[in-house]
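Asker: Spelled out, the chains give:
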Amino acid sequence: MNSREMILARLRSNRPDPDVYLLPDIAILGDQDRSRARFETSLAGMGGAVLERQGEETLAAAVARRFPDAKIICSAVPDYEGTLHIEDVTSPQQAAETDVMVVRAPFGIAETGSVFLSEAQLNHLNSAAHLAQHLVVILSEQNITANMHTAYTERQEFHTAHYGVLMSGPSATADIQGVLIRGAQGVRSLSVWWE
Amino acid sequence: MKVKPVNHAKAAEVFLQDEPHLKFHDERLWDMRQKRDQQMHILPEWQELRARASEIKEHTLAHLPEYLEQFEANAKKNGIHVHWAADAGEHNRIAGEILEKHRAKSLIKSKSMVTEECDMRGYLEPRGITVTETDLGERIQQLDNQMPSHVVVPAVHKLIPDVAKVFAENYQTDPNERDPHALAEAQREAARPVILSADAGMTGGNFLVAETGTFVVCTNEGNADLSSTVTGLHIATLGIERIIPRMADLGVFVRLLSRSALGSPITQYTTHFRGPQKGGEMHVILVDNGRSQRLGMDDFWTSLKCIRCGACMNTCPVYRRSGGLSYGAVYSGPIGSILDPTFNERKYSTLPFASTMNGSCTNVCPVKINIHEQLYKWRRVLAEHHEIPFVKRELMRMAGRIMGKPVLYRAAINSTNAALGNLPRVALYNWMNPWGKNRELPPAAKQSFHSWYKENRLKKEKA
Ligand code: SF4
Numbered sequence: 001m002n003s004r005e006m007i008l009a010r011l012r013s014n015r016p017d018p019d020v021y022l023l024p025d026i027a028i029l030g031d032q033d034r035s036r037a038r039f040e041t042s043l044a045g046m047g048g049a050v051l052e053r054q055g056e057e058t059l060a061a062a063v064a065r066r067f068p069d070a071k072i073i074c075s076a077v078p079d080y081e082g083t084l085h086i087e088d089v090t091s092p093q094q095a096a097e098t099d100v101m102v103v104r105a106p107f108g109i110a111e112t113g114s115v116f117l118s119e120a121q122l123n124h125l126n127s128a129a130h131l132a133q134h135l136v137v138i139l140s141e142q143n144i145t146a147n148m149h150t151a152y153t154e155r156q157e158f159h160t161a162h163y164g165v166l167m168s169g170p171s172a173t174a175d176i177q178g179v180l181i182r183g184a185q186g187v188r189s190l191s192v193w194w195e
Numbered sequence: 001m002k003v004k005p006v007n008h009a010k011a012a013e014v015f016l017q018d019e020p021h022l023k024f025h026d027e028r029l030w031d032m033r034q035k036r037d038q039q040m041h042i043l044p045e046w047q048e049l050r051a052r053a054s055e056i057k058e059h060t061l062a063h064l065p066e067y068l069e070q071f072e073a074n075a076k077k078n079g080i081h082v083h084w085a086a087d088a089g090e091h092n093r094i095a096g097e098i099l100e101k102h103r104a105k106s107l108i109k110s111k112s113m114v115t116e117e118c119d120m121r122g123y124l125e126p127r128g129i130t131v132t133e134t135d136l137g138e139r140i141q142q143l144d145n146q147m148p149s150h151v152v153v154p155a156v157h158k159l160i161p162d163v164a165k166v167f168a169e170n171y172q173t174d175p176n177e178r179d180p181h182a183l184a185e186a187q188r189e190a191a192r193p194v195i196l197s198a199d200a201g202m203t204g205g206n207f208l209v210a211e212t213g214t215f216v217v218c219t220n221e222g223n224a225d226l227s228s229t230v231t232g233l234h235i236a237t238l239g240i241e242r243i244i245p246r247m248a249d250l251g252v253f254v255r256l257l258s259r260s261a262l263g264s265p266i267t268q269y270t271t272h273f274r275g276p277q278k279g280g281e282m283h284v285i286l287v288d289n290g291r292s293q294r295l296g297m298d299d300f301w302t303s304l305k306c307i308r309c310g311a312c313m314n315t316c317p318v319y320r321r322s323g324g325l326s327y328g329a330v331y332s333g334p335i336g337s338i339l340d341p342t343f344n345e346r347k348y349s350t351l352p353f354a355s356t357m358n359g360s361c362t363n364v365c366p367v368k369i370n371i372h373e374q375l376y377k378w379r380r381v382l383a384e385h386h387e388i389p390f391v392k393r394e395l396m397r398m399a400g401r402i403m404g405k406p407v408l409y410r411a412a413i414n415s416t417n418a419a420l421g422n423l424p425r426v427a428l429y430n431w432m433n434p435w436g437k438n439r440e441l442p443p444a445a446k447q448s449f450h451s452w453y454k455e456n457r458l459k460k461e462k463a
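Residue numbers (the UniProt record's numbering), protein chains in the order written: chain C, 1 to 195; chain A, 1 to 463.
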């Protein structure tokens with residue numbers, strides 16, 4: 001008997017009575033507010049920021065204003081140029097040189113200020129979202145879901161993407177004497193641009 | 001040769017004498033507990049979430065073979081290689097073979113308690129594979145040659161000067177560096193080139209989803225996403241109990257996990273892996289290593305519900321004031337004290353005594369494991385399997401520590417609350433709980449242990 005069969009056999013003989021433990025219905029609990037205001041409060045709580053539009057400025061102008069020293073700005077969206085496009089990035093080593101990455105998220109979650117990214121948004125170079133120094137995420141108010149329950153029941157991406165990450169603010173750590181540090185090993189900052 | 005039981009009391013004594021470390025450790029963990037409480041108070045549905053989480057886990061454990069097969073079928077359909085490891089040795093062999101096939105010499109990995117359980121680094125490194133922990137706390141522990149002292153914050157027992165010393169020795173940074181930002185930056189700078197030139201990546205995982213063949217990794221630093229996406233070869237190791245039935249069930253668990261652990265509404269990264277990246281390869285190792293045996297233990301199988309949030313550790317006055325390393329085991333704190341004896345009953349026979357039985361662990365557990373009752377039941381089991389003098393001695397050590405340390409004594413009193421309702425008076429006041437002897441605890445049912453035990457067991461069997 002191989003290990004797989006041995007483990008399964010042991011589980012079958014050792015488990016508690018399966019008829020006793022029923023599966024509860026799917027839970028949709030909690031606050032159903034899916035407003036931009038709630039999203040922004042949650043995002044701020046996780047250390048993320050909103051890249052505010054000043055006057056009539058374009059995304060390009062806002063990125064230039066927010067990241068004046070950025071040399072390599074990698075765009076993963078068709079409507080923004082940056083200094084290079086993600087299709088021209090061929091390796092993680094090249095992606096690691098990116099100062100700012102601009103990407104569009106298919107949805108966000110109001111409860112947690114999370115944005116979702118998958119290979120569909122990253123041209124299959126998933127590491128690019130983590131190797132860049134800073135991330136700017138374009139999001140539409142229409143695409144906010146209320147909380148984790150509604151996200152998992154409404155969004156098909158969880159059933160289709162091979163790689164799907166919910167990013168909630170930038171990378172962070174509190175591993176050194178409990179001091180919270182935003183910008184650990186992944187992106188140092190995460191900003192949301194409303195469209 | 002018989003293994004010697006871990007001398008928790010003695011190791012804790014050493015920790016207790018180091019005032020600055022002790023003070024920070026105690027306060028930091030209590031702060032995490034308080035942040036958790038704040039999150040709990042924000043959500044009116046908190047208790048319902050806990051009840052759901054517990055029900056889903058109990059259901060899944062009772063249907064474990066079916067759900068594991070469903071996971072395997074779906075994962076394979078999506079192009080994931082699925083492996084089954086009966087024990088630690090097999091896990092390490094499987095990981096080693098995958099790496100060898102790819103001629104991988106450098107492995108970057110994110111935190112995984114299962115690989116600690118299997119001592120995987122100890123297996124791979126003599127075979128010429130360099131394993132680099134990329135989680136900051138775990139890396140500090142790796143460089144310092146210590147086990148993680150906490151399941152969520154592995155280096156929580158260290159202060160800034162300790163980290164500065166470890167980094168100075170390994171990263172050539174200033175040994176007098178006292179800015180934690182600079183130290184974290186040193187880790188980022190040291191890790192990046194290793195990550196970018198590694199041959200393979202490895203992660204643990206928090207959940208397996210049967211319905212979709214997905215596994216989910218919840219982290220904060222970004223290192224797990226780097227470890228899984230940069231090299232093209234991703235190996236993930238998960239215990240078989242990590243499984244849940246449906247994608248939608250994740251809502252319940254993700255909402256509870258980081259709130260219970262750190263008091264944040266979610267981890268910075270919640271990553272869902274359903275298949276390999278384009279041109280890449282993905283492996284999942286499903287690890288038993290004693291879990292299928294534990295499922296057969298009437299009084300202890302529900303410990304498999306654990307989602308490793310660490311809340312029971314943060315709230316435990318004994319853990320806070322003895323440090324994770326004093327448990328001498330991969331898993332420490334209250335959850336460790338009920339898991340470890342299933343790995344080695346003799347070696348970890350002292351750990352179920354490292355508790356005041358205040359029930360605080362049970363109160364905070366997001367999946368409603370009756371931790372303090374299991375601690376008590378382990379004491380009974382150990383009393384049956386060992387000499388009575390051994391049990392008495394451990395109890396005396398425990399009592400000595402509690403009563404001899406005013407601060408710990410106060411901490412124990414303060415956190416004595418609810419939860420005790422489930423334990424019969426006799427369990428609290430008999431000789432197996434020296435703590436109860438010296439303190440009038442909230443009233444509990446007047447019932448003998450045996451009748452209580454029988455009733456609860458029968459209830460469970462009938463339920
Ligand atoms: S036993 Fe409960 S509280 Fe403790 S780590 Fe596990 S899930 Fe968290």
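In short, the hints are calculated from the structure, not lab data.
Hints should not be assumed to be uniformly reliable.
[As the list claims (entries may be wrong)] Stretches of chain C that chain A covers, calculated by requiring three or more beta carbons in the stretch to come under 8 Å of a beta carbon on chain A:
(1) 6-20
(2) 53-60
(3) 75-89
(4) 112-124
[Claimed, not checked] Here chain A is said to cover these stretches of chain C; the calculated rule only asks that three of the stretch's residues, wherever they fall, bring their Cβ under 8 Å from a Cβ of chain A:
(5) 131-145
(6) 185-195
A virtual CB, placed ideally from N, CA and C, is assigned to each residue, including glycine.
Asker: Confirm or reject the coverage of the segment 131-145 of chain C by chain A under the rule of 3 or more residues with a beta carbon closer than 8 Å to the chain's beta carbons.
Answerer: violated (count 1)
Asker: Between the segment 185-195 of chain C and chain A, are there enough contacts, at least three residues with CB-CB distance under 8 Å, for the coverage claim to hold?
Answerer: Check passed, 3 qualifying residues.
Asker: Okay, the segment 112-124 of chain C and chain A, do three or more residues pass the C-beta test at under 8 Å?
Answerer: Coverage by chain A holds here, the residue count being 4 at a Cβ distance below 8 Å.
Asker: Between the segment 75-89 of chain C and chain A, are there enough contacts, at least three residues with CB-CB distance under 8 Å, for the coverage claim to hold?
Answerer: violated (count 0)
Asker: Verify the coverage statement for the segment 6-20 of chain C against chain A, using a C-beta to C-beta distance below 8 Å and requiring 3 or more qualifying residues.
Answerer: Result for this restraint: holds, n = 13.
Asker: Within the segment 53-60 of chain C, is the number of residues with a Cβ closer than 8 Å to a Cβ of chain A three or more?
Answerer: With 0 residues closer than 8 Å to chain A, the segment 53-60 of chain C misses the three-residue bar; violated.
The structure shown violates the earlier hints numbered 2, 3, 5.
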